[in-house]
Amino acid sequence: MAVKCRSCATLFIPPKNVCPRCFSTELEWTKLEEKGRLLTYTVIHVPPKQFQPEAPYAVGIIKLEEGLHLLGMIRGIKPEEIKVGINLIVDFDTDMPSQWPMWPQYFFRPP
Amino acid sequence: MYGREMFAEAVKEAFERCPNLDPKRGVEALFVGHMGESFEHQGHTGPTMLDWAGLLPIPATRVESACASSGVALRCGIFAVLSGMHDVVMVGGVEKMTHRATSDVTEFLAMASDFPFEQWQGMTFPGLYALIATAHMHRYGTTEEQMAMVAVKNHRHGALNPKAHMQKEVTLEQVMSSRVIAWPLKLFDCSLITDGASCLILTKPELAGKFTDTPVHIIGSGQASDAIGLYEREEFTTLKAAKLAAREAYRMAKVESRDVDVAEVHDCFTIAEILAYEDLGFCKPGEGGGLVEKGATTIEGNLPVNTSGGLKSKGHPVGATGTAQAYEIYLQLTEQAERRQVKDAEIGLTHNVGGSGATAAVHIYRRE
Chain A
1 MAVKCRSCAT LFIPPKNVCP RCFSTELEWT KLEEKGRLLT YTVIHVPPKQ
51 FQPEAPYAVG IIKLEEGLHL LGMIRGIKPE EIKVGINLIV DFDTDMPSQW
101 PMWPQYFFRP P
Chain B
112 MYGREMFAEA VKEAFERCPN LDPKRGVEAL FVGHMGESFE HQGHTGPTML
162 DWAGLLPIPA TRVESACASS GVALRCGIFA VLSGMHDVVM VGGVEKMTHR
212 ATSDVTEFLA MASDFPFEQW QGMTFPGLYA LIATAHMHRY GTTEEQMAMV
262 AVKNHRHGAL NPKAHMQKEV TLEQVMSSRV IAWPLKLFDC SLITDGASCL
312 ILTKPELAGK FTDTPVHIIG SGQASDAIGL YEREEFTTLK AAKLAAREAY
362 RMAKVESRDV DVAEVHDCFT IAEILAYEDL GFCKPGEGGG LVEKGATTIE
412 GNLPVNTSGG LKSKGHPVGA TGTAQAYEIY LQLTEQAERR QVKDAEIGLT
462 HNVGGSGATA AVHIYRRE
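Chains as they are written, first to last, in the working numbering: chain A, 1 to 111; chain B, 112 to 479.
If you are wondering where the hints come from, they were derived from the structure by calculation, not from laboratory data.
Positions of the beta carbon are idealized from the N, C-alpha and C atoms, including for glycine.
Hints are supplied without guarantee of correctness; some may be wrong.
Stated by the list, open to error - Lysine to aspartate or glutamate pairs mimicking EDC-like chemistry, simulated, CA-CA at most 16 Å apart: (1) B:K321 to B:E479; (2) A:K78 to A:E66; (3) A:K16 to B:E343; (4) B:K365 to B:E280; (5) A:K63 to B:E345; (6) A:K31 to A:D91; (7) A:K4 to A:E33; (8) B:K135 to B:D162; (9) B:K321 to B:D198; (10) B:K123 to B:D162; (11) B:K274 to B:D324; (12) B:K405 to B:E256; (13) A:K49 to B:D215; (14) B:K135 to B:E218; (15) A:K63 to B:E346; (16) B:K274 to B:E120; (17) A:K49 to B:D162; (18) A:K63 to B:E343.
Stated by the list, open to error - A few chain A positions that, by computed beta-carbon distances, are all more than 12 Å from chain B: (19) R6; (20) H45; (21) I61.
As the list claims (entries may be wrong) - Quick look at which bits of chain A chain B covers, simulated, 3 or more residues with Cβ under 8 Å: (22) 29 to 41; (23) 68 to 79; (24) 88 to 94.
Based on the sequences and whatever the hints tell you, model everything.
If you want it as structure tokens, here you go:
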């Protein structure tokens with residue numbers, strides 16, 4: 001999901017409560033295609049405490065079809081097979097996190 | 112040693128270098144950079160530092176801009192003097208980090224990135240700069256070896272600095288074979304978790320001669336901001352805030368990048384020094400890896416960079432880094448840098464970056 005400004009049609013992630021382009025507060029949620037291309041990535045070997053059980057894990061930035069960028073973990077592919085430019089889709093964990101910010105956790109995976 | 116004790120030592124040295132300035136009456140305000148109250152469970156850093164330095168009761172203000180905290184504190188001090196509000200102010204920075212576990216330090220430093228879309232996705236600071244490195248390698252063909260050469264150079268410089276945290280040379284093989292922290296960055300691509308404090312005394316040009324025989328003039332100051340989230344930016348191979356801050360500083364100083372004789376840049380990771388060369392105009396975009404490979408940025412090179420050892424070898428006590436960079440430029444421009452002295456340096460530059468580039472402060476200096 002991204003936020004779309006009703007007054008200037010700008011689409012943005014992260015969702016902001018005031019349009020960064022025209023300052024309008026007339027905003028609406030828009031569903032995105034959930035498809036993107038990998039712009040850059042890393043494989044984290046030394047994580048913060050709460051991610052230690054998952055290490056090493058890959059994290060990348062994708063460019064969604066709508067042109068927006070999003071950062072997230074890359075799963076379902078071996079780190080050594082990841083390349084800049086591969087196509088990835090956005091998927092979601094079914095469990096809601098118990099900690100703040102309590103948003104459904106998303107990740108990227110090969111189609 | 113606590114942060115406040117280190118700061119008191121730095122203040123003592125600053126006063127020793129200004130023998131005609133009365134420590135009790137001469138300084139009118141303090142601006143101190145400090146990133147994280149989590150490290151020592153101590154906030155309200157302004158009066159804490161002031162008290163230990165024996166400077167009560169003048170106004171003391173903490174400045175927080177992540178790793179650019181004291182670069183921005185320096186700018187606040189410049190505002191205070193240029194506004195006419197104060198004649199003499201102290202600016203500095205402090206951070207005490209080494210007593211904490213690496214995982215805690217990683218978590219505290221990550222607070223300078225976007226919480227929901229970076230920290231919450233498992234991102235770390237080495238991770239953010241690794242994303243920059245991957246993008247730079249992909250776009251320009253920069254190599255892991257070229258990044259490693261930044262570490263080798265800065266450790267060679269740091270080995271000559273008695274105040275450096277790690278006064279030890281490293282070989283290219285050691286850097287390349289060190290363990291992976293966030294691919295493609297390895298342990299020796301990362302700056303050090305360091306304790307440290309630094310400070311400077313600022314005054315008007317017409318008063319400087321009263322206090323010291325070796326003043327250095329700050330002739331340019333620039334600062335700019337970018338999105339807190341790296342992912343929000345159009346490009347990952349440049350720090351736009353650093354480019355804008357440099358442009359402002361060069362314009363104010365009426366100098367160009369080719370006029371710079373010595374620079375301290377924010378090498379929190381080796382790739383960051385390569386970006387700094389490009390963002391400061393020392394070379395064209397994409398040519399930063401080649402610049403270090405040619406040896407242009409060693410003490411003996413055309414444009415010595417990070418003669419102190421940089422964040423890589425001198426160390427990176429985050430809040431103290433900006434004014435520690437200015438201290439090295441002060442030593443260079445007043446011919447006090449001893450074994451790492453650059454010959455005939457007239458113009459110096461510091462480049463201090465907060466987080467993954469959401470803040471950047473650039474300052475330009477000229478010797479008397």
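Each hint tested on the structure:
1. B:K321 to B:E479: It holds: about 14 Å lies between the C-alpha atoms, which stays within 16 Å.
2. A:K78 to A:E66: 27 Å, violated
3. A:K16 to B:E343: 12 Å, holds
4. B:K365 to B:E280: The given pair, whose Cα atoms are some 37 Å apart, is violated under the 16 Å limit.
5. A:K63 to B:E345: 10 Å, holds
6. A:K31 to A:D91: Holds: K31 of chain A and D91 of chain A sit about 13 Å apart, inside 16 Å.
7. A:K4 to A:E33: Between K4 of chain A and E33 of chain A the Cα gap is close to 14 Å, so the pair holds against 16 Å.
8. B:K135 to B:D162: 12 Å, holds
9. B:K321 to B:D198: 12 Å, holds
10. B:K123 to B:D162: Judged against 16 Å, a Cα distance of about 13 Å means the pair holds.
11. B:K274 to B:D324: Violated - the C-alpha atoms of D324 of chain B and K274 of chain B are around 23 Å apart, more than 16 Å.
12. B:K405 to B:E256: This hinted pair holds, its Cα atoms lying about 13 Å apart.
13. A:K49 to B:D215: 7 Å, holds
14. B:K135 to B:E218: 39 Å, violated
15. A:K63 to B:E346: 12 Å, holds
16. B:K274 to B:E120: 13 Å, holds
17. A:K49 to B:D162: 35 Å, violated
18. A:K63 to B:E343: 10 Å, holds
19. R6: Consistent with the label, R6 of chain A stays out of reach of chain B, its closest Cβ about 21 Å off (over 12 Å).
20. H45: 5 Å, violated
21. I61: It is violated; I61 of chain A is separated from chain B by about 5 Å at its closest Cβ, not greater than 12 Å.
22. 29 to 41: It holds, with 3 qualifying residues against the three required.
23. 68 to 79: holds (count 6)
24. 88 to 94: It is violated: at least three residues are needed, and the segment 88 to 94 of chain A offers just 0 whose Cβ sits closer than 8 Å to chain B.
Hints 2, 4, 11, 14, 17, 20, 21, 24 from the list above are not met by this structure, while the remaining hints are.
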